[in-house]
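*Asks:* Line by line, the protein sequences are chains R and X.
For what it's worth, my numbering labels the leading residue of the first sequence as 1, then goes sequentially.
For what it's worth, my numbering labels the leading residue of the second sequence as 1, then goes sequentially.
Since the hints were made in silico from the structure, they are not lab data.
Built from N, CA and C at the ideal position, the CB exists for glycine as well.
One or more hints might be untrue.
Some but not every residue of chain R turned toward chain X, in silico, with C-beta under 8 Å [to be verified]:
1. S3
2. L7
3. N75
4. D79
5. R80
6. T81
7. A83
8. L85
9. S88
10. P89
11. I90
12. P91
13. R230
14. R232
15. V236
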Amino acid sequence: MTSVFLLTLRQLSGKWRLAIMAILATLPVLFTALIVRSGTAPSVAEFEVIVLSTMLAGSIAPLIIVSIASVAFANEIEDRTLANLTLSPIPRWQIVVPKLAAAVAVAAPFIAGSAFLTSHLAFNQDITATFAVTVSALVGLLMYASVFVWLGLVTRQAIGVGLLYIVLWEGFFSGYVSGIRFLSIRHYATALMHGIDPRRFAEGQHVNFGIAAVVALTIVLVFTALSTRRLRRMDVP
Amino acid sequence: MSTQPSPVIRVDHVSRWFGSVVAVSDVTFDIRPGITGLLGPNGAGKTTLLRMMTGLADVSDGSVTMFGEPVRDNPALYGRIGVMSEHETVYSFMKGREFVRMMGRLRGVKDLDAATERAIELVDLVDAAALPMGTYSRGMRQRMRLAGTLVHDPEVLILDEPLNGADPRQRVHFQSLLRRLADGGRTIVLSSHILEEVEQVAETVLLIVNGKLAASGGFRAIRAALDKRPYHVRVVSDSPREMAAAVVRLPSVEAVNVDPDGAIIVLCNNVRDLQVELPRLAQAASISLRRVEPLDDSLESVFGYLVER
Chain R
1 MTSVFLLTLR QLSGKWRLAI MAILATLPVL FTALIVRSGT APSVAEFEVI
51 VLSTMLAGSI APLIIVSIAS VAFANEIEDR TLANLTLSPI PRWQIVVPKL
101 AAAVAVAAPF IAGSAFLTSH LAFNQDITAT FAVTVSALVG LLMYASVFVW
151 LGLVTRQAIG VGLLYIVLWE GFFSGYVSGI RFLSIRHYAT ALMHGIDPRR
201 FAEGQHVNFG IAAVVALTIV LVFTALSTRR LRRMDVP
Chain X
1 MSTQPSPVIR VDHVSRWFGS VVAVSDVTFD IRPGITGLLG PNGAGKTTLL
51 RMMTGLADVS DGSVTMFGEP VRDNPALYGR IGVMSEHETV YSFMKGREFV
101 RMMGRLRGVK DLDAATERAI ELVDLVDAAA LPMGTYSRGM RQRMRLAGTL
151 VHDPEVLILD EPLNGADPRQ RVHFQSLLRR LADGGRTIVL SSHILEEVEQ
201 VAETVLLIVN GKLAASGGFR AIRAALDKRP YHVRVVSDSP REMAAAVVRL
251 PSVEAVNVDP DGAIIVLCNN VRDLQVELPR LAQAASISLR RVEPLDDSLE
301 SVFGYLVER
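With the sequences and hints as input, model every part of the structure.
*Replies:* Shown next as structure tokens:
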């Protein structure tokens, strides 16, 4: 599994990709710094909706992840080197899991760094709130990554489909149609944040921490299993 | 009494279609140890067939087995197979030695250092092993990919157009390497669209045309069948009717047609005979020959002939 992990890590660590991710990850931090300095600071609930939920969890984090996770397999399908891995005498899950781990490892410093600095600035160095935001961002990353890795295996337009999902589903429908929120990754990521620090994030309707954690784990396991199944059944170019 | 070794690969009534396009149609054959050439024109279905033989692609109908086991979704079997696809893409950021090592590790090679060096030496690329593969020539990339295919010393080698991009010296080296590997008891399947390329190494040939198995067997038998095939030859002269009247009397000529553009199309079953007799006939009848050209020299027409037989 180490070979697949290291190979994927190198494949996903292109300079341009890392530079774009760094720029994206910086945006919420800059935005928060401007808010804090402006003197007209929003309430915690407003900040959560505008910056943490919509900007970080609903846009920046999934954009970073879709650009990484959806190409974890798609690039090798495109350049036809995936056969080097699939013709190895190892179970398919031992290809999927290190690929997912590599996608998470590349995206995690940017997302965790962005979440940490944003919440650190916004909540005046409150450790619990910062921890809640950072952990929920990382769990959200894991959920998104497992979905987008699978997407990269099922369609050659994974980035396009992923962007549509982020913009339409996570960004638009889940914000306006309450029933859809329960099918939104962002919803469960922010529910975890509420569960870890209920004192700070007390407002709004969210599922409780236990359910959010179980759903997060289920999403990761189900999509990892779907990716493994897809890799077993697909025609490898 | 000599006994044939038992088949290593068994392709049984295999078909593959993509929507309404049939890429491979009801193909059946066995492959035994030694070198087998899979020959056919571009687009004949060779690569699709090889991909089904390695488990990379599923069959629409029929079955493929190797060592008696199904090849599809059978990772345990892949440790015994070495596959080199026709695509020449490499990990350009990776050095040659790193690539071969990675392939060895993925295939569970025990003594990785020794196996890596042995594979690189086999393809004669020791000097370039420390360079990134992105800097390699096409031929070097192919050879390093072959090293990656050989690193785990597989019992079965499946090579799709492996000589693409190889220069004449590399071809000779590669062919001698294949013979050595085959002499060691391995089963090697080599695909090509070039007749001579396969002829030089393969003991057995499978001819694939339009997704069907057109012929199979020893190379001599297939060559003999090719030599007997009738050829169309286009002859342009200043007196086509007189030329046609003279040519039709030759015993090797089966038919002569005069084209509206003034050329004659000769169907003969012995081109060498026609080559000798044409100038003599033209001289005797005071006819000026302007152009003589064979019309059936493409590989497609050779294969087409074999399919129709």
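*Asks:* Hints the structure violates: just list their numbers, smallest first.
*Replies:* 3, 13
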